[in-house]
Every structure is written in C-alpha cells, then in structure tokens.
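Peer 1: Which chain is which? The protein sequence lines are V and C, in order. What the first sequence shows, in the working numbering, is residues 1 to 206, in sequence order. What the second sequence shows, in the working numbering, is residues 1 to 206, in sequence order.
In case anyone wonders, no lab produced these hints; they're calculated from the structure.
Copies of one chain are not kept apart here, so a pair can be met inside one copy or by any two copies together.
Below are the DSS-like pairs computed for lysine-lysine, each with C-alpha atoms no more than 30 Å apart in a straight line:
1) 3 <-> 171
2) 3 <-> 142
3) 23 <-> 171
4) 153 <-> 138
5) 3 <-> 138
6) 173 <-> 142
7) 155 <-> 166
8) 23 <-> 138
Number of protein chains: 2
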Amino acid sequence: MDKTALFSLSYGVFLLSAKSGEKANACITNTAMQVAAGPERIAISCINSNLTCEMIKAGGVFNLSILDETCPYEIIEKFGMHSGRDTDKFAGMTLPLDKNGVPYLDNHTCAVLVCRVVESRDLGSHTLFIAEIDDAFKMGDKAPLTYADYHAKVKPKAQKPASDKKIIAWKCKICGYVYDGAELPADFVCPWCGHPADDFEPVYEE
Amino acid sequence: MDKTALFSLSYGVFLLSAKSGEKANACITNTAMQVAAGPERIAISCINSNLTCEMIKAGGVFNLSILDETCPYEIIEKFGMHSGRDTDKFAGMTLPLDKNGVPYLDNHTCAVLVCRVVESRDLGSHTLFIAEIDDAFKMGDKAPLTYADYHAKVKPKAQKPASDKKIIAWKCKICGYVYDGAELPADFVCPWCGHPADDFEPVYEE
Chain V
1 MDKTALFSLS YGVFLLSAKS GEKANACITN TAMQVAAGPE RIAISCINSN LTCEMIKAGG
61 VFNLSILDET CPYEIIEKFG MHSGRDTDKF AGMTLPLDKN GVPYLDNHTC AVLVCRVVES
121 RDLGSHTLFI AEIDDAFKMG DKAPLTYADY HAKVKPKAQK PASDKKIIAW KCKICGYVYD
181 GAELPADFVC PWCGHPADDF EPVYEE
Chain C
1 MDKTALFSLS YGVFLLSAKS GEKANACITN TAMQVAAGPE RIAISCINSN LTCEMIKAGG
61 VFNLSILDET CPYEIIEKFG MHSGRDTDKF AGMTLPLDKN GVPYLDNHTC AVLVCRVVES
121 RDLGSHTLFI AEIDDAFKMG DKAPLTYADY HAKVKPKAQK PASDKKIIAW KCKICGYVYD
181 GAELPADFVC PWCGHPADDF EPVYEE
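If we strip away everything but chain V, and leave its shape as in the complex, we get (with noise of 0.2 Å):
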C-alpha cells in the first residue's frame, strides 16, 4: 500500500474552535464534509491528543471558521503549530462568539458554522465527530484556501537546520510523533496523524 495516495484528497483548511467551561482553544485541521442535509451536518475528524478534541467531547459544541486564500502563515501557526496546553490562543484577540460563546474568526474567514455534535467514535488516532449545523453564515467572498494551496502557497519552504548540531530525530509539527533516525524518508508518513515528511522538524543532540 501507497500510504502516498491519500494525499491526493481535497481538503480546505479551517479554525476549529471549542469551548469547556470558561476556556476556549482553537486548532488548525483540514477533515472536514458536510455528509448529510435536511438536516444538514457535517463530520469531522480530530487528533485525540489534541486539546480542541478533548474540548469538543466535554463541551459538545464546536464552530468551523472555512479559511479563505488571503489567509497568512501566522494565523496557522498561532493556532496550528502549538498546544493550547502551553498557552492561551485568543489571548490579546478580541473575536465575535457564536451562539454557544466559541470565539470565531472575523477576517480571512469565507464562512463560519456553528455545530453541535451529535455522535462521536473513537477511531484509535482521531475521534470522527457527526455535527448537526445549528448555524452558518458568510463572512467574506474570497475564494476557500484548499489544502493543497497551503502547501503550495501559505506554508513557509523547509530551510536548512540552522543548528550545526547532529540531527538525531524528526518530529512531526501536527501531533508530536518522534521518527528516530537522522534521515526522515522523503515519502515518509506519520503513522499517528497521517501527515507527510514536510510536516516534521528536526530534533538536535543536546
């Protein structure tokens, strides 16, 4: 099997956003369909070590920001590259709150929906949230950034180690998983979240 196929699906790129008691936290993800109408819902799919899914199965409510092409690198990195374990995400951001009072995007956003899941499973690496869409409005009309034009566009070109220490290991910026070994394979996929090798970043010696 060419784990390698995979990356050829669709994806658009998205702010997820969920809320527990008084704390939000928010992630970048790209798993994202609608998969039923009348009424209309949508699925999504989540890392379970990620604090935004441990969010969504305490609180039950979640909304979509749909990100749109004049979306920049930092609003991905802000929410995409570290835990909200570590930090306060919308710290210093003054943002609109959905009816459930999860804070949106207001900028760079095509559309925003407003879920409330309706069944989860446990799928070992993620959990598959089932939603149903309690609200959904526009926000803009630029065009919807895909995934592939992240990749291609947004997501900054890998750069040589800056270090001039030994690289040991690579780690993947998604979910944390650690390759040993100096040389990551360029077709290497990360068996925990299903990422491609540009998604890792070196680990030096001490």
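Since the structure of chain V is already known, use the hints to place chain C on it.
Peer 2: Below, chain C alone, put in the same frame as chain V:
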C-alpha cells in the same frame, strides 16, 4: 441559517465504485476524507437513494478513483447523471479490477483507494461509511480535480431551455428531488442532498 455557507467547504471529485454479487456500479461523489491513521481509514457520505449506496451496504467494499484535472465532463455525466438501475454504466468499458473485483478508472485518475467498510451510520438523507483502506496506489501525476474547479471549468454552463413548453418544476440531477414551481430561487439548496440550484434541470409540462 444560510445553507449556502456550506458551499465554502472544499472537496475533491471521485468515482465511487461498488459491487454486489456479479453486478458492479459506480457514481460520482465529492465527499471523502481521511479520518484516521495507523490503520488508515476514510469516511465517505453517500445518498441513500443511490444504487451505489445500496451496493456498498450489501457488499461491504468499494473503491475511490480520485479524479484528476484532465477529467472530461463525459465521465462525470456517464457515472453521475444516470442511475445504475436503468443502465449498466460499465457496459462497453474494460477496466481493471481491484482485489475485491471492483472496477476502477485507469485514466484521468490521480490515485485509487481500495476500501472495506468497518462501520456505517444512517443519517437520513445519506449514509456515512467509515472504511479501512486495504490498498492504495497512484495512477498519475496530474493535480486532483477539486469540486470548485469541476463547477467552474468542467461542468457545462446552464443553457436556455431548448423547449417552448412551460416549465412547471425543477428536478435535482443529483438525487431526483422535485421543486414545484416555474422559478427556482438562485440560492435554493436541495433539501434531500444539499446541492445548489445549478444542479437542477427544468421539468416541462406534458
């Protein structure tokens, strides 16, 4: 709720093939995403009234040919705009078969995912299938066809009705839903399958 906000979600375009007994059938779908890694799993959503959906329920296997940007409208029309109940869509074609004996496309295709259903959820209008990927292979190096590019570049523009007859209703070409009335609102969303007004065709008086 503005249901057209859902049209900002990004998708690919796929030939979804299934087999039940000796009969194979296929349809065009845009709803497939990877939902887990280790083992790799995908989710697809299928309109319940489709023969392909019935055959996946009966046979428990399917494959997805991920269409590429060179795919002509003829393939979409042949597999997407007719029912396998009325015609043998594979008649006259000699296509390769996957390990389950299900045909897949050998042209205009980025990659093929060979899938086995592990769970299904009936969501009313659609059934959501969660499937394990038993095999995956690349077929070409063209970019995948996105659903947005299908609408913008592949699908023929709506033509003025060729008939002088009076339009009495509009029928969804995707699922068969009929809207009674001569004027279909431009922002209409099919209540059965969620597709937009430009997927409807006129129904004329007898």
